[in-house]
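Trainee: Each chain is listed here by its residues.
There are 2 protein chains.
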Amino acid sequence: MLLAPSIQPFFPPQRTLMGPGPSDVYPQVLAAQAKPTIGHLDPLFVGMMDELKSLIKYAYQTTNAMTLAVSAPGSAGMETCFVNLVEPGEKVIVCRNGVFGDRMRQNVERMGAIAVVVDNEWGEAVDVDALESALKAHPDAKFVAFVHAETSTGALSDAKALCTLAKRHDCLTIVDAVTSLGGVELRVDDWGIDAVYAGSQKCLSCVPGLSPVSFSPAAVEKLKSRKTPVQSWFLDQSLVMGYWSGEGKRSYHHTAPVNALYALHESLRLLAEEGLEAAWQRHQDQHWALRQGLEELGLKFVVPEEVRLPQLNTVLIPEGVDDAQVRQRLLQEYNLEIGAGLGAFAGKAWRIGLMGYGAKRENVSLCLKALADVLN
Amino acid sequence: MLLAPSIQPFFPPQRTLMGPGPSDVYPQVLAAQAKPTIGHLDPLFVGMMDELKSLIKYAYQTTNAMTLAVSAPGSAGMETCFVNLVEPGEKVIVCRNGVFGDRMRQNVERMGAIAVVVDNEWGEAVDVDALESALKAHPDAKFVAFVHAETSTGALSDAKALCTLAKRHDCLTIVDAVTSLGGVELRVDDWGIDAVYAGSQKCLSCVPGLSPVSFSPAAVEKLKSRKTPVQSWFLDQSLVMGYWSGEGKRSYHHTAPVNALYALHESLRLLAEEGLEAAWQRHQDQHWALRQGLEELGLKFVVPEEVRLPQLNTVLIPEGVDDAQVRQRLLQEYNLEIGAGLGAFAGKAWRIGLMGYGAKRENVSLCLKALADVLN
Numbered sequence: 021m022l023l024a025p026s027i028q029p030f031f032p033p034q035r036t037l038m039g040p041g042p043s044d045v046y047p048q049v050l051a052a053q054a055k056p057t058i059g060h061l062d063p064l065f066v067g068m069m070d071e072l073k074s075l076i077k078y079a080y081q082t083t084n085a086m087t088l089a090v091s092a093p094g095s096a097g098m099e100t101c102f103v104n105l106v107e108p109g110e111k112v113i114v115c116r117n118g119v120f121g122d123r124m125r126q127n128v129e130r131m132g133a134i135a136v137v138v139d140n141e142w143g144e145a146v147d148v149d150a151l152e153s154a155l156k157a158h159p160d161a162k163f164v165a166f167v168h169a170e171t172s173t174g175a176l177s178d179a180k181a182l183c184t185l186a187k188r189h190d191c192l193t194i195v196d197a198v199t200s201l202g203g204v205e206l207r208v209d210d211w212g213i214d215a216v217y218a219g220s221q222k223c224l225s226c227v228p229g230l231s232p233v234s235f236s237p238a239a240v241e242k243l244k245s246r247k248t249p250v251q252s253w254f255l256d257q258s259l260v261m262g263y264w265s266g267e268g269k270r271s272y273h274h275t276a277p278v279n280a281l282y283a284l285h286e287s288l289r290l291l292a293e294e295g296l297e298a299a300w301q302r303h304q305d306q307h308w309a310l311r312q313g314l315e316e317l318g319l320k321f322v323v324p325e326e327v328r329l330p331q332l333n334t335v336l337i338p339e340g341v342d343d344a345q346v347r348q349r350l351l352q353e354y355n356l357e358i359g360a361g362l363g364a365f366a367g368k369a370w371r372i373g374l375m376g377y378g379a380k381r382e383n384v385s386l387c388l389k390a391l392a393d394v395l396n
Numbered sequence: 021m022l023l024a025p026s027i028q029p030f031f032p033p034q035r036t037l038m039g040p041g042p043s044d045v046y047p048q049v050l051a052a053q054a055k056p057t058i059g060h061l062d063p064l065f066v067g068m069m070d071e072l073k074s075l076i077k078y079a080y081q082t083t084n085a086m087t088l089a090v091s092a093p094g095s096a097g098m099e100t101c102f103v104n105l106v107e108p109g110e111k112v113i114v115c116r117n118g119v120f121g122d123r124m125r126q127n128v129e130r131m132g133a134i135a136v137v138v139d140n141e142w143g144e145a146v147d148v149d150a151l152e153s154a155l156k157a158h159p160d161a162k163f164v165a166f167v168h169a170e171t172s173t174g175a176l177s178d179a180k181a182l183c184t185l186a187k188r189h190d191c192l193t194i195v196d197a198v199t200s201l202g203g204v205e206l207r208v209d210d211w212g213i214d215a216v217y218a219g220s221q222k223c224l225s226c227v228p229g230l231s232p233v234s235f236s237p238a239a240v241e242k243l244k245s246r247k248t249p250v251q252s253w254f255l256d257q258s259l260v261m262g263y264w265s266g267e268g269k270r271s272y273h274h275t276a277p278v279n280a281l282y283a284l285h286e287s288l289r290l291l292a293e294e295g296l297e298a299a300w301q302r303h304q305d306q307h308w309a310l311r312q313g314l315e316e317l318g319l320k321f322v323v324p325e326e327v328r329l330p331q332l333n334t335v336l337i338p339e340g341v342d343d344a345q346v347r348q349r350l351l352q353e354y355n356l357e358i359g360a361g362l363g364a365f366a367g368k369a370w371r372i373g374l375m376g377y378g379a380k381r382e383n384v385s386l387c388l389k390a391l392a393d394v395l396n
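If you read the protein sequences in the order shown, they are chains A and B. For any residue, its number in the numbering used here is found by taking its place in the first sequence, counting from 1, and adding 20. For any residue, its number in the numbering used here is found by taking its place in the second sequence, counting from 1, and adding 20.
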């Protein structure tokens with residue numbers, strides 16, 4: 021026998037999470053998650069899942085029947101959208117202005133479809149005109165995919181304009197709302213989004229690990245008309261939907277992450293209680309307060325003002341400042357986490373999150389004072 | 021705006037879970053899960069993941085470096101093994117003696133590989149001789165896949181013999197240990213298992229949603245020599261391993277399900293504290309007590325005695341007894357969940373689980389008394 025390792029219980033400290041996610045989790049959500057596990061086919065659990073569906077619909081502002089939470093993180097939500105809707109050989113125009121647009125390209129290529137990449141500079145919004153040129157140059161494209169709120173840069177793209185344009189060229193749209201859901205305006209039905217996915221750990225302030233997704237009737241139509249099976253059994257939406265269906269004929273697919281779904285239910289319930297528009301405004305208000313303080317510290321934003329995400333503030337690291345040391349001191353001396361730069365911004369920028377429960381005055385104040393202390 | 025649904029907090033009852041999983045969760049595990057969320061790149065979290073890796077290795081009795089927890093349920097663990105190791109066009113011998121063997125076949129076929137199915141009756145163990153005939157008939161097969169403990173039937177297969185045979189024919193082995201891990205003897209290194217996956221929600225008595233997996237050096241070799249990219253970005257083990265690597269150069273892949281991993285850490289820690297052999301024995305002891313009581317009630321086991329799983333007891337529903345009504349009464353009157361039959365056994369059998377924390381005397385007694393009351 022290999023011997024048992026001797027390991028003590030893990031006691032994480034209480035941090036203030038102001039990175040790009042996970043964000044500070046609502047105490048009510050942590051408590052919800054610790055409630056007794058019940059069976060995933062228990063009638064009471066099925067009822068909870070039905071409520072959860074209606075809460076996800078509200079957060080997305082959609083009436084889409086095919087709305088549920090993928091039992092895995094946001095990147096599995098992304099993959100769910102691509103592998104269900106796109107078939108090998110089909111063409112997808114992928115707008116890329118950061119890490120997550122590039123992840124979309126990798127998804128498309130790995131599944132044997134064709135990615136046409138429309139590039140924008142890091143920190144910019146996706147350029148609507150550049151997309152239009154690509155759509156004209158590729159009349160056989162069937163999909164347009166883009167990131168609504170780029171977590172790697174903090175830039176917000178005009179999802180409504182991009183979707184309107186895609187529709188005009190008969191393309192379905194696949195939209196990454198991982199960082200936008202709950203933090204800025206997002207209207208899936210009004211804007212004509214066909215497939216959307218998000219993450220539980222950003223502006224919903226739920227624990228990480230789940231991905232709410234929603235497919236429009238047109239997306240469902242495309243799914244139903246596939247000529248090839250979906251390559252992934254685990255992510256096959258037709259099977260998963262049979263499990264989430266509220267029509268009394270629930271069919272077993274996998275075992276739902278019961279306690280994590282309790283947590284998502286509670287976080288979305290809190291969002292519904294506050295109201296979406298109030299939550300969007302709160303993020304904006306706290307962003308203004310943080311912005312003013314950061315500028316007083318002499319820090320410069322990476323993203324142009326008009327497309328800046330309130331929930332993710334990317335600022336340039338001042339000349340001569342040691343990136344890792346600052347973040348380490350914030351963590352060790354203040355229990356405060358801010359995010360490092362990712363990809364092209366590694367070592368060059370910090371990402372300061374104001375997400376969900378964390379978009380509040382005390383977090384802004386702590387961050388500003390701690391940064392002021394550490395930078396001086 | 022679509023209006024916010026008015027939904028109350030969800031308060032699940034305290035059930036006793038004696039189905040095929042999720043099983044009763046250790047109170048310490050629920051408490052661990054509710055600890056404060058910290059960043060997934062926080063040095064303290066990275067340290068916790070390193071401990072978790074060593075705990076998974078112990079539970080599997082392996083020294084495999086490529087050992088980690090997939091951030092999704094057991095069926096994603098299954099898919100991880102197939103999509104990383106098998107390439108399109110390669111041949112996999114799939115032993116099928118229940119629902120989960122068939123799920124393996126579906127995985128193989130969806131990814132464009134060739135499944136050769138070796139069938140056994142439901143309730144039987146996988147037949148070693150039948151596998152040998154298949155191996156002789158298909159000398160070009162590169163993999164043998166089977167389920168160690170079939171959750172749909174309660175039958176245990178001889179993993180050691182099957183793996184020895186597969187090795188002799190130069191095949192790598194992919195083994196489903198979803199229901200076996202922690203409940204019956206399982207020795208990944210000694211038995212020559214090349215890829216193995218499990219679920220958090222069975223004999224580990226953790227919350228559902230995670231899948232510990234381990235790849236042998238030979239499996240890693242196969243992975244490295246692939247000619248085609250892994251079809252799934254989310255499940256690509258080379259990328260995921262970069263995230264789990266303890267060598268200080270941790271690279272971002274996805275956001276780990278932080279709190280769920282706290283839970284897995286605690287459940288595996290409790291297993292290590294008890295000791296694997298003691299846990300196996302406890303499952304066996306409680307099985308004997310349950311078995312005696314069920315037989316006194318006149319219930320008959322589906323699976324032959326010599327291959328019966330202690331942690332999952334499948335009994336035939338007596339003639340004239342209303343399946344759904346019995347399970348409903350147990351749930352409503354006793355807060356006790358037992359499992360329905362699945363697939364070929366739907367409506368014909370019950371599956372009574374004694375898994376992990378649930379493999380204890382009070383559960384056996386409750387189940388026997390409640391069944392006696394309801395059946396009379």
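Wrong hints could be hidden among the right ones.
Since the list gives no way to pick one copy over another, a pair counts as held whenever it fits inside one copy or between any two copies.
[What the hints assert, rightly or not] Capping the alpha-carbon separation at 30 Å, the derived lysine-lysine pairs in DSS-like fashion look like this:
hint	residue 1	residue 2
1	Lys162	Lys247
2	Lys55	Lys389
3	Lys368	Lys269
4	Lys111	Lys187
Honestly, the hints are just simulated from the structure, not real lab data.
Trainee: Each of the hints needs a verdict: does it hold here or not?
Mentor: Going through the hints against the structure:
{"no.": "1", "hint": "Lys162 x Lys247", "result": "both (15 Å within a copy, 29 Å between copies)"}
{"no.": "2", "hint": "Lys55 x Lys389", "result": "between (37 Å within a copy, 27 Å between copies)"}
{"no.": "3", "hint": "Lys368 x Lys269", "result": "between (53 Å within a copy, 19 Å between copies)"}
{"no.": "4", "hint": "Lys111 x Lys187", "result": "within (15 Å within a copy, 43 Å between copies)"}
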